[in-house]
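**Q** Sequence:
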Amino acid sequence: LEKINIILGDAYEVIEYFDNEYFDAILHDPPRINIAGELYSEEFYKKIYRVLRRGGRLFHYTGEPGKHSNIDILKGVKNRLRRAGFDEVIWVDEAKGFLVFKY
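Note that the sequence shown covers residues 1 to 103 in the working numbering.
Don't read these hints as lab results, they were simulated from the structure. A couple of the hints might just be wrong.
[Claimed, not checked] With beta-carbon atoms standing in for the labels, derived distance ranges:
| no. | residue 1 | residue 2 | range |
| --- | --- | --- | --- |
| 1 | R54 | R83 | 13 to 23 Å |
| 2 | K67 | E21 | 28 to 38 Å |
| 3 | E21 | S41 | 13 to 23 Å |
We put the beta carbon where it would ideally sit given N, CA and C, even for glycine.
Generate coordinates for the entire structure from the input sequences, incorporating the hints supplied.
**A** The following block contains the structure:
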C-alpha cells in the first residue's frame, strides 16, 4: 500500500496533472452516464490514453446502461474508446465493463 496515493478531486480535471504514460493500469468506475456524461466522452478517453503507459490496461466499469431501452450506449462507449486510440476494447460480461489495452 505504500505505493498507493489517494487523490481526491474531479477526475476530469485531476487527470491533467499527471505526466504522459504515468499509470500501468487504470480502473475507471464513473457514475452513470446521465449523471457524469463527460467521463464517458471521447475527450476524457483521450486523457486516459495519454496517462496510460504503452502495454497498460484500463478497466472501464459501465454496468448495463440502456439494457431496458433501445439505446445502445455500450456501442457508443466502445467506439469512443477506439477513436481515443486504444488498440483493443473487450466487453467482459461477468464484470459489466470493458477491458481496454494500449499497445
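**Q** Hints first: check each against the structure and report whether it holds.
**A** Each hint, compared with the structure:
no. : hint                  : verdict
1   : R54 x R83: 13 to 23 Å : 18 Å, holds
2   : K67 x E21: 28 to 38 Å : 35 Å, holds
3   : E21 x S41: 13 to 23 Å : 21 Å, holds
Violated hints for the displayed structure: none, as all numbered hints are satisfied.
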